[in-house]
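Asker: Here are the chains, one letter per residue:
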Amino acid sequence: MAKVQVLNVAVLDNPSPFRNPFQFEITFECMEDLPEDLEWKIIYVGSAESEEYDQVLDSVLVGPVPAGRHMFVFQADAPNTGLIPESDAVGVTVVLITCTYRGQEFIRIGYYVNNEYTDPELRENPPVKPDYTQLQRNILASNPRVTRFHINWEATMEKMEDSENVDPAPNAMLPPTSMPGKAPPLGLMPDNSMDCL
Amino acid sequence: MKLLKPSWVNHNGKPIFSVDIHPDGTKFATGGQGEDSGKVVIWNMAPVLREEDERNENIPKLLCQMDNHLACVNCVRWSNNGLYLASGGDDKLVMVWKRAAFIGPSTVFGSSSKLANVEQWRCVMILRNHTGDVMDVAWSPHDVWLASCSVDNTIVIWNARKFPEIVMTLKGHTGLVKGLTWDPVGKYIASQADDRSLKVWRTMDWQLETNITKPFSECGGTTHVLRLSWSPDGQYLVSAHAMNNSGPTAQIIERDGWKTNMDFVGHRKAVTVVKFNPKIFKKKQKNGSTPKPSCPYCCCAVGSKDRSLSVWLTSLKRPLVVIHDLFDKSIMDITWTLNGLGLLVCSMDGTVAFLDFSQDELGDPLNEEEKNAIHQNIYGKSLAITMESQLSSTIIENPEMLKYQQERQGNQNPNEAQGIGPENQTPKLTNVLNGESLEDIRKNLLKKQVETRTADGRRRITPLCIAQLDTADFLPALFNSVPILPGSSASTQLTPQISSDSSTANSLGLRPSHDPTTTSPNKTAEDNKDSGTAAVNSIGMKSNLLLTSASKIEPMKALDSRFTERSKAMPGVTSVPLTIGITPLDRVKDSSSVKEPKGKDETSSDSEDKIMVKSIAKRKGEMEGAEVVEKRKKGRPRKDAKTMPFPQTPVEPSRLTTPIAVLKLPTPSIQKSFSTQVSTDGVTYLEVENEVSVVSGSRLSQLKWSREGREWDVLLPSRIIIAAGSSNVVAVACEDRTLSVFTACGRRLIPSIILPVPMSALHCSGHFVMALTASAMLSVWDVQKQTALVKNESLNPILSGTDATVSQSFLTQQGVAVVSLSNGKTYCFNSSLETWNLIADKQDSLVQCTDFRNCVSAQDALGSMGPLALTQGRNLSAGRLASRLSSTPHHLQQGMTLAFLEKQLSSALILLSASEYRHWLLIYARFLVNEVEVNERSICQRGNLTGDLTTEKLSRPESFTISTCRQI
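First to last, the sequence lines map onto chains A and B.
Residue 1 is where the first sequence starts when you use this note's numbering, and the numbers rise one by one after that.
Residue 1001 is where the second sequence starts when you use this note's numbering, and the numbers rise one by one after that.
In case anyone wonders, no lab produced these hints; they're calculated from the structure.
Please read all numbers here as calculations on a predicted model, not as lab measurements.
Note that the Cβ used here is the ideal one computed from N, Cα and C, for glycine as well.
Misleading hints may appear alongside valid ones.
Claimed, not checked - If you want a taste of the chain B side facing chain A, the calculated C-beta under 7 Å gives, among others:
1) 1265
2) 1449
3) 1461
As the list claims (entries may be wrong) - Simulated coverage check for chain A against chain B, where a stretch passes if three residues somewhere in it have a Cβ under 8 Å from a Cβ of chain B:
4) 26-39
5) 50-60
6) 63-75
In isolation and in its complexed conformation, chain B is listed as follows (with noise of 0.2 Å):
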């Protein structure tokens, strides 16, 4: 055994809590503290491996360092396939950390090391939950679930495919969480405790297996950290700090049956952290003896507060090897390399240590065929997926886990070409500045860069866009490519594919799990509020010094205090006021407290989704229709358009030989009892009542109209499918195919109007009535002049060549019927013209390109309100990849901006939406101002137009345009 401690390997003194060698051996993190905030810090490996890579200053020994952990970090875990690292910390916070290949060196400016980042780690992801200190974080075996714990008392279940869904909220500690190992088999996970337990918890229903508590109650809670950890054969769990006869030990506990009988005794103190060798080993076969056949056997290392480390083989009853005064304070972490030969120590006294075993020493490792066969002996066949090679050989039991085949040989090689080593990778620095170079570029910078002049007269420059971030890049496609584990559908919380994956939880001998969706919302809105009082206090305590240092009036302090002072006392600054200093801990208390209802307002959301989702798939079939009229009276978009099957139960079989029905569109399905809201007022309702009494074999039904105490009622002959109301008017659609529209008073405005077809919506406004059919055609009337404005209109011109369907209707209150496609794109049909007119494009590639934010002044920046707001969506995405723009001539840009204005302008007047209309012309205006030469005429022609149309109505336009032109 050769022993090392890389001095260089520090954090400037600061202690080091956790290290963690990546998955490829080629590197190594560390976590601590930092200068001011917590630190995470990449190392290259190869420097600790090698004398000659030490001496070499060409190879860099520090490769990446991020202190965007606000306080210190507890915890860093490399994900198993190495591209992604957790680190979590005192701030309460997950980070999860990627490589971003294509940006070059750069230094974290302003700190006091000079030395450039080689590789640039990103954190792509902020896990916020925990209500205080996250004190350990663990990948699950094929890095489907991230799991962290925290002195909340709680561990948390990240979905490590969909980031930051918590798939649960491990709830039972009534202490201090302080480490967490998973089973390498997946089947469970064990967390240790300040409350004097272990907790095994099963990953199929996350409900407790295990509770263990007899080898712990005489622990006290000294230690910083309880880092457990389970055998790689998932035979064995082996807990940190526990006692036996008063003597500090670390308990084994066995998998069959969760039997206590054997601990690691020898520690002096508690032991705080327990890592297993990733290797199963065998006997080293001796030359010329005889084969003999030895049993399999695992390596463990053991660290203590003792300040001493020892390694133990499970075949042998005395340790291996044990290590005294290695540091001058308590061991905190861990690891060892993949292939089981090294391991790195850290402490709290802020160093790291390297032990690098020989096979002599340990045994021959086995390979992982052989390690696997471990598994299958023990947990039989169908045990989770453990290698790639056996993925492929893995019968395919259900439809995700072919999708995942295919993706994984599709993303392989991709993968391959990743690999991640320090040579093989020189980041390059991907110009988007057509072949200049970034020295040529900052020379003319002053003179190149765009700059503008806001609504407000203020400066605004266009920074100048040097390297793209793939800001996808972390988005559910890479975390995707990790195989799916048995049960692991629970992840995504859909009942049904757990039912369909008991198959597989069957012949794996787990209990096939009971619904847990029922549990999960339930659970985790619930929060802990005695969230670690020890970190407000430190923190409290790091603000407080902070404020008498700068409080002091001595005049180069003061100069020195004026580095870290807020500007909210100076002239022309309007910071947010800060109550910094004056109570720092009532802060830190109030800060938490306001954190809460946010993660329980995150939680209830998704509650509600998920009973969406249930009910969704409950319905399917008999209610989905309807369940797709309530959402067209909110306004959301449809989105299963698509999968829906046309209902058919509804009508009678003659309309199916209607031959003009070629375009169909879903007609909602007959319910018993339903009520709607009128539009246009909060207080005005609908209800039907289908089948309310049966009068001499037909049945009748009731709709009944109400406002503010006021109602009336009428009977219809055939049951109603859909209701439809204004403030003036209401129309309902029968399953008998008719059409009967009554007054908000409740006369009958005309007879029943009769369809060739059922009706698949229906909308009112004003005095107009827009009716769609099942076979796609529109119809609009103005039922007070008794008109038609649109005339069994076809949607073919508009349906045809996609196969969008319609995910949204309306009327706007001038009678303009608007259609949204799940495509996208949203057309209304112009009566005059007697066309559909395109009107807005979720992929337009104008309203991505434009960048007219500088005109949008304060009042109207929150948007108009109307009928284009509405289809276009109020958070109208312009201007999104204007950046990506960047290196294109500001003239083309300009274009873009000044076309997709234009567009907008002549889509408010086509949907003769006055207030629209004047919120675009007003911007247009100022663009036409601030970026083009002015062209007063041009505005002005609009502003007569204005004139025309708006109900507000502009005595002048002329005077209005121009002023509005001397205003900006």
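In isolation and in its complexed conformation, chain A is listed as follows (with noise of 0.2 Å):
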């Protein structure tokens, strides 16, 4: 069982222009006195195509963990631009909070984000190149998804006994198509409503 446990991730400075960087509030639990630092990062993707494009926005290392309830505030900077496919700028894309201990990715939180102009002019007709500083970024904060993954936590030499990939609540995606203004299909995430755009 996993030794720590996050609690919450609260997305700070949302929605935000395009170039703001990125805050989560992360409240986490542990366990056991962990004897090394927790690595988190934030990774932009890019691309819902290619993982090519994805960028590590930043990664930080949080340290001491004693048992007990802790949070903390990851901030990082906005990602690339000119990394960024310019077909990919606008819309919808994912940006992903990981987890490791010793190396082994234990969680995955992902959002969805969302950006738009906010302009109604630039939203109906939008630049070939994209103009970033008229972007809002949106982070749909209501619904992260989360992954958790079974690792050994202890220090010993053991590989990993059990790695399996748990999602949960894998038919529960929101096709990102459907987001603005309609209810969520139900799948199995009844309570939850985008509340946002």
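With the hints as a guide, bring the two chains together.
Answerer: And the structure:
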């Protein structure tokens, strides 16, 4: 069982201009004193099609972590726009927060991110070359997708015994096209609602 | 009878495999399948019991849910004291849960449910041993043991007072073990398995009492569970699925002779679960009728695959009630309320039902005293403690019980105060942050949080501790607060105690057990290999499903998959490569085979310890001194130093008149022969054989030295007590208080040194010989230069005023004598200042409050080897408490770290340990650069010192430190 449970992630400064840094306030609980630091990363998915455009915005060590409930704010700069395919700049993408312990990822928290022009004019007729100064980033904070991985928490040389990939609600993903204004398709998450846009 | 199906008790439609009502009746737990994992949910009982509470929105229904089990939960059981909840699942784990009283409500982050957990239950222990799905768990009476059974065909008995200690693994079933029940008297445990047998095991020696097969010969392994049950009076055991004339039954087995003459008949399909009412009843007295003494009887609920439930009274021939079509699928578990009038049933269809009986229907429940009277009638006076009140009147037969009683009295009040109810405890978040509200903290968290850079330039954030968890609360202290059953000392596996307990055991009419330690280690070492292929398949299939959904390349799906894919392919990520998804089946198999050797290791080390305990016990008195020496050679602290009597055998009585022997250190006793390894290399051995021959009345002893085939020996006129050697010299202390020193070639260096008192410890290192006498006097000689470095220096300064004894002593390569005491302090003698210097203290708060980990670079993260590390322990617990200080000002911690590092430096210096000095200097320098304003001069001054003492001489210390500074 995981020694570290993420209790909450609050998305701060949201929605915000595209170039603002990401800020996540992460609350987690640790069952016992960890001899090593946790490593957190923010990964911005530049394009859904390929991992090639993924950007690790920042990684940070968090420690020391004794048993207890802790919180910290993870701030990372906005993605390098030069690395984002122009066709993917506007629209829905994903930002991931991962946490690893001893080099093993045990939790992955994903958020849909909607990048949109605030100006209705631009929204109607988006420029061919994206204008990042006009883009607004909106993280769908109400709908985090949490994936937990079973890792080996002990220092032993033993390999992970069970690296089963577990997704809490594999069928509940929202097709991003149906987002604006629409009620989410009622999969397994009837009490979730999209409260943004 | 009233019947209710509370629809709000569900696992979102997923099956519920187990249900158990808390002993205080205020809540109940369900276990089963969650969204993607196993799920344990704790529910409030009040809305089930009362309609108005169900409608009242202020009364929470769900108290807590736990998704920690990786796979379906098959069983949940509350401990009898209500403090713990045990759960077992398909992930082969048993988890023990305890309520965390001071942490506020929270949700499971990212889960679909937005309901807050009203109560916080934390997993305090994970019990790993089973190699297959855990099907049933059961707490023994008084929570002394926890038993779990599994599809790996075994039953594991865990010591509930010392988790995760395993008392015994019961082997004998040849099929999946699917149900467990303890004898309420505590004498037996019964198990039922797919191998068409029901086995009863004795708790005295954990051997098989009886194996019942006849009623099960026609049974097929068609049920998910086989939850059997023992009647509260202990007289009857009722099995799950049995067959009689090809009809499904629940077999009644009589305790007396294990007779199987009766059964509960009527269910159309296999019986999955039987559960006795915890109460014993007697006939309700009708008004006016003459009070006729009627025989007390029991009540039993039977659930079946045919989806119906029957409730029986042992006084009636027909069932009291049969309820058909209560569920859409098989009944999985039944639980009674402690008052015996309520009953919860759960089903595979994911629903539960509540039955509420009246006393008219069931009868008058006997109170605890009456129940006890029945027990005493049947089993005699000296029966296990069944009640608190009885405990005080029980004659205390052994010290363990006395201790328990004292503990119990001490614990009673806090226990009562902890009474668990939905309203009497509104858990509060204890903020360690002086009066600041959480909201205020959150506002400024980004600005306030401490961020540093590590040695390799990475960001490191010290998280803000907003609530502490008392990790110690599941240590033996709390598990201790359970009664001691006769024979329960077997669980601690100390043979002597069992024999001392045999008086109790005999009066119980139990056979005194044969030595369990001889059988247990070997038996547990074996493991079944055919561990649950079913589990393997299901897991395999599951990951396959996930894979197919993830490998689509459609754009939208591609996005989705990003949530679940591992970051292994991402730049800059160093996660361990996984074989996920390629051959899931193989992977799971692999993992189980990886797990197995671990289990073996554990048990083997366990058995080693046991042997150790035994041998110590056996050797006590005559040979214990030698044991001490051997331990010392291995550099292990001696724990039993305090309790050890001073051995008097080896020396003549005149010693006792020695006036200076105020302080006494134990001396080793004389052994016929022994051998030691010369510490510095692995190939040199010293062998001593006393009394090899007797020549004209004097006994000759032989010292033999050997290194890779070369050897020499020397004869000595007196028996040898201690021998020690280094690569250069060999020293032996004899019974006649002489000390002889030889070179490594066997040449006698000096004539025998006469010591005033016998030797307690002797060490050699390089050309140095260190002698610690029984009168606590220390001498160190340089035998090459023939000088004394330390002359008969008393340990009085460090020993006086404490009741500590010397736990370890050694001599460094540079001839510095180091003495560790049992109070965790370590001293060395500085021969130039002629002082004792404290170099390590395990209780030092500075050590525990430092945080310099981010200054330890990768290459020296492994730590340094040397005398300092030896005394402080390789795993220096530095920084363990650092967190506790997260609320204290950063500069305070900085100061503490600085002070600690300074201390390390000076200690390394006084020990003349160059490599360690260098190690700590580097950390010190990095810390200064990272955290404090650079004070290059102070580092450089120290650099000079390094130059002075390093063996690998740094030509220009200045440049060394400056370059170090630049490195950082």
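Asker: Hold the hint about residue 1449 of chain B up to the distance rule: shortest CB distance to chain A must be less than 7 Å.
Answerer: holds, 5 Å
Asker: Within the stretch 63-75 of chain A, is the number of residues with a Cβ closer than 8 Å to a Cβ of chain B three or more?
Answerer: Coverage by chain B holds for the stretch 63-75 of chain A (13 residues, Cβ < 8 Å).
Asker: For the stretch 50-60 of chain A, do at least 3 residues have a Cβ located nearer than 8 Å to some Cβ of chain B?
Answerer: holds (count 6)
Asker: For the restraint on residue 1461 of chain B, tell me whether the closest CB of chain A is nearer than 7 Å.
Answerer: holds, 5 Å
Asker: Okay, the stretch 26-39 of chain A and chain B, do three or more residues pass the C-beta test at under 8 Å?
Answerer: holds (count 8)
Asker: Mind checking the CB of residue 1265 of chain B against every CB in chain A and telling me if the closest is under 7 Å?
Answerer: violated, 43 Å
Against the hints set out earlier in the document, a violation occurs for number 1 only.
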